[in-house]
Amino acid sequence: MKKRIASAVLASAVILSVASCGNSGTTTTASNDTTTTTAAPAAAADTTTAAADAAADTTAADAAPAATAEGGGTTFNIYAWNEEFKGFFEKYMPGYDASAQTLDGVKVNWTITPSDGGAYQDKLDQALQNNASASADDKVDMFLAEADYILKYTDSDYTMDISEIGLKQVDTEYQYTVSAASDSNGKIKGVSFQCCPAALIYRRSIAKDVLGTDDPTEVQAQLDSWDKYEEAAAKAKDKGYYIQGSYAANYRVFSNNATSAWVSGGQLTIPAVVEQWTDQVKKFYDNGYILDTLPTIWEAGNTTQMFNDGKTMCFFGPAWYYNFSMGNAQDPDKGCYGDWGICQGPAPHFWGGTWILAATGTDNGDLVAKVMQAFTENEEVLTQLVEVEGQYTNNSAINDKYADDPTYGNDFLGGQNDFAVYKELAKNIKFENNTIYDQLCNEGYQDYIKQYLNGSVDKDTALQNFYGYINEKYPAVQTP
Amino acid sequence: MSSTTQTAPVKHKSISYAGWGYFFIAPFIIVYILCALIPLLSTFYNSLFEYYMDGLKQIGPNFVGLQNFITLFTPRADGRLEIFNYTANTMIMWIMGAIPQIVFALLLAVIFTSERMKIKGQGFFKTVIYMPNLIMASAFAMLFFQIFSSVGPINQIITANGAPAFLFFDNEWSAKSIIAFINFLMWFGNTTILLMAGIMGIDQSLFEAAAIDGANSSQVFFKITIPLLMPIIIYVVITALIGGLQMFDVPQIITSGRGGPNNTTKTLVMALNAYIGTSKNYGMAGAVSFVLFVITGILSFIVFRSTEPKKEKKGGKK
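Line by line, the protein sequences are chains A and B. Counting in our numbering, the first sequence tops out at residue 518, every number present. Counting in our numbering, the second sequence tops out at residue 379, every number present.
Same shape as in the complex, but just chain B:
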């Protein structure tokens, strides 16, 4: 534009590159709007309708306001509120898997990056611990289902001496533990790699300085590694949390989609899937998704807040 009035070049006080900034983030924004924001809003929109299949007949869509949410939050005849139950199952199974996952991963990451130990054959070990992540969750679930089934190898060992078979999938805690264990096994390798990257990003001179000052290993770990690794740990926790809230494939396959026994391994996404499966109940499924979204948002916020480094307030009491 300005090329037509070249007689006196305008002198800018400062050059703004903001336009280019918007240009470069545009692909992300566009993809985000198309693939995340619109589906999110349409999910909520759908949750306000009665809209499902009855056999081969379509019912709706009829606007019903918040009726689907009311149905979701109405306890059933024996007083149990299933949506709460599913949320609790999801969280419990996630915590059962995530705590050992992060502890193990941290331990392995420290060992592998330790300058003192200099582990040989690191590539081999890293491959081995990452390997479970490459196996499909469904294959993993099927494998464990066979191993722990009433006639599987574990029960063959148990019954070999005449003891009655233990039905792992008919007991709440054994079922939950197996599911949590599979998730742990699948994901600790991934977490290890992330944490290793984080530790290697810490300046080696800090470790050396600590060693010169006479700090022992645990002091180095708690005073240097952990604080400086915090941002990565937060990232790991949040991604694991979101992944955990979406827990689906393993419990779905291991319990044939029923979430047994007594719905104690049924997760939120399994409930969502149950609604969307046969009846194509977009209304109820939309309501479950929206609840899941809100829960994820709240929990992410809490994790974020609680791990944020505290800023010293100006003028505060000392």
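Same shape as in the complex, but just chain A:
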């Protein structure tokens, strides 16, 4: 009897492991039977007639976009690399039924793959390439993309011109978000729901100790160039603080101001600003200005510095950074809510941004259009995004309303009006010198240069390791 139980346990373990191998797709919702849902009237109708109707109605396209876009699918498949947008979608999307997980009666199905090492891109590429042959319920309808690799998708046939699903560019969108989403022929392939000017985020109490002030204008005056930043780093060290926790914290501030692309003409060249960054953080490491464990931005070594007992003065990031990635600072017991302030810092930059793109072949074009519209134009949704989530939206009218409102302040930032700061910073954002290879170039460079920083290999070896990585990931790119 005992043996039988043991073998049953073993057998089920084997079956489970096999099942878990087969089911490698990380869909986050269970695939419920969609045929029982009563909504989605178009689903019952023949999809070809729905398409014909849509085609016949083109004259009404401008008046009512949602009505003309091709729709009628029963499953709305969305690909993303984290839960951020999913959270906003589930809370604020009009027509979304949280208990049934449906949007206008159509089952919403999220596929979330972390972006580390290009995993999200790999997963998405495969899905998009299969989109033409996939069954209607398995087709990717909508996906999210970041600034680092959006070019790869906009400049391909796998994404749709937003006018095809009945949308037009809206004036209130920031220009850089539109050019980032445009292909080489100027066709707009998607919209961003965020605008991401990034700032220097400092701990007020530490700034007071180190710089003698926590006033954003005065802090900015003392940190407005890299030389001054370095001086401040030395001062911070004398007082027992770190200027920044992670060695990579200021990477984007440099790399965003690149005057050359990572790859041009199929040849990899390290941008001059990235070289400058390398020299600076090497000096920072050698002088003990940063954490000697060299954590990445995302690692616990850096994020625990956001607690009240942290010793780090500066972080860099846009509005989404302190709302999405500074949870430790907001911790009710160990955090330091309200002890933060923002200013531009040594150089203007932007970081990230989440674009919503429609996948070619979608059978839910109407819903994609509806989502895009809701997150760029719907005042109610955007107001919630600002007031509850602290997002700097991609709608200048909404943002400026807060920026110009003297009574508005962000409690996390000690009542500072962050929108007023971002309003100025957003003017400086340019989306240029981007390639489809940027994500892994940025990620790989930071990772491989780390061993040079801590002295375990010389710079040349670190670079050779990085080039090897690029050769594996991008065979088409020639390395020095």
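For the record, the hints were derived by calculation from the structure and aren't laboratory data. Among these hints, one or two may not hold up.
Pair by pair, the computed Cβ-Cβ distance ranges are [stated by the list, open to error]:
id	chain 1	residue 1	chain 2	residue 2	range
1	A	124	B	100	16 to 24 Å
2	A	136	B	134	55 to 63 Å
3	B	234	A	465	46 to 54 Å
4	B	160	A	221	51 to 59 Å
5	B	200	A	314	36 to 44 Å
6	B	135	A	465	43 to 51 Å
With the Cβ distance kept under 7 Å, some of the chain A side facing chain B (calculated, not the full set) [unchecked claim]:
id	residue
7	160
8	194
9	331
10	338
11	471
12	474
13	493
14	494
15	495
16	498
17	510
18	511
19	514
Virtual Cβ for every residue (Gly too), placed ideally from N, Cα, C.
Following the hints, position chain B against chain A.
Only chain B this time, still in chain A's reference frame:
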């Protein structure tokens, strides 16, 4: 056929059952051809092509001859030959894990099967030592990654007295040791079970005879257990070797796929995976697989040869 000419039954000199033999091994042969031989040949075939994805654009397949192998065996600018490096990493980490694995397993197998000791609660111990094998390698790797991370419990102990944190995954030998240790921990239970089966297959009367002759435990172990267990040990070594050459999951997860520091924990299969991941570079991945196949073949042959019982040559010098 012969039933139509029943008038004079033919007398066979001997009956051949060879046909049935082929019939019975056919399923294996068919499965082998479909699942092993064809993939093997197509891998080699693919390695002769330039065939990858550049972003969303497919390049190739263009026939390039042995170019992929040449690329693989060309040292990089600082003179390092990475494919050699990856092979060495794989072998070193395997040996670091396999030697304690087999020694431990042998020891436990002898203890558990010993008639003299008669260990109580054997079932419990066997379950416990086999347990790690049931945990997924990725879960194991994640666990150790957390334990040894710069802010993990081990470093909390180290830094509690003001010492600087030790970065286990930024040091070649600590990283290799952790990976080898996980592999050892996962597989020694499995090896123990195999060796126990082998020891129990040895005739008990030999042990009794040895005991009567006054042999001590170590004599019994080296003169009886080991020689008679050799076939099983060879089997264990070869399967462990092949498994070891395919080492992937633990180092992949523990180093986030980079094989750091300085590519010293990057194994052959991790290199293969790197080629096949983003760029779907079937050409280069095929070349790496083929190299792996050749290495496995050579090493298996060496193990086989070196452990084969020596036959006495007829007419040889004595």
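Outcome of the hint check:
1. In this structure the supplied range 16 to 24 Å is violated for residue 124 (chain A) paired with residue 100 (chain B), their Cβ-Cβ distance being about 39 Å.
2. The hinted range of 55 to 63 Å is satisfied by residue 136 (chain A) and residue 134 (chain B), whose Cβ atoms lie roughly 57 Å apart.
3. Taking 46 to 54 Å as the suggested C-beta distance range, the pair residue 234 (chain B) and residue 465 (chain A) conforms, at roughly 52 Å.
4. At about 58 Å, the beta-carbon gap between residue 160 (chain B) and residue 221 (chain A) stays in the expected band of 51 to 59 Å.
5. At roughly 42 Å, the beta-carbon separation of residue 200 (chain B) and residue 314 (chain A) lies within the given 36 to 44 Å, and the hint holds.
6. Range check, residue 135 (chain B) to residue 465 (chain A): about 49 Å between beta-carbon atoms, so the 43 to 51 Å window is met.
7. Restraint check, residue 160 (chain A) versus chain B: the minimum CB separation of about 6 Å is within 7 Å; hint holds.
8. Because the beta carbon of residue 194 (chain A) sits about 5 Å from the nearest beta carbon in chain B, less than 7 Å, this interface hint is met.
9. For residue 331 (chain A), the interface hint holds, the least distance from its beta-carbon to any beta-carbon of chain B being 4 Å, beneath 7 Å.
10. Hint on residue 338 (chain A) holds. Least Cβ distance to chain B is approximately 5 Å, under the 7 Å limit.
11. The beta carbon of residue 471 (chain A) comes no nearer than 17 Å to any beta carbon in chain B, farther than 7 Å, and the hint placing it at the interface is violated.
12. For residue 474 (chain A), the interface hint holds, the least distance from its beta-carbon to any beta-carbon of chain B being 5 Å, beneath 7 Å.
13. The restraint placing residue 493 (chain A) at the interface with chain B is violated, with a minimum CB-CB distance near 10 Å, outside the 7 Å limit.
14. Residue-level restraint check for residue 494 (chain A) holds (minimum Cβ-Cβ distance to chain B is 6 Å; threshold 7 Å).
15. Residue-level restraint check for residue 495 (chain A) holds (minimum Cβ-Cβ distance to chain B is 5 Å; threshold 7 Å).
16. Taking 7 Å as the C-beta cut-off, the interface hint given for residue 498 (chain A) holds, the closest approach to chain B being about 6 Å.
17. The restraint placing residue 510 (chain A) at the interface with chain B holds, with a minimum CB-CB distance near 4 Å, inside the 7 Å limit.
18. Against a cut-off of 7 Å between C-beta atoms, the interface hint on residue 511 (chain A) holds, since the closest Cβ of chain B lies about 5 Å away.
19. A hinted interface residue such as residue 514 (chain A) counts as satisfied when its beta carbon comes closer than 7 Å to some beta carbon of chain B; here the least separation is about 4 Å, so the hint holds.
Consistency note: the structure conflicts with the earlier hints numbered 1, 11 and 13.
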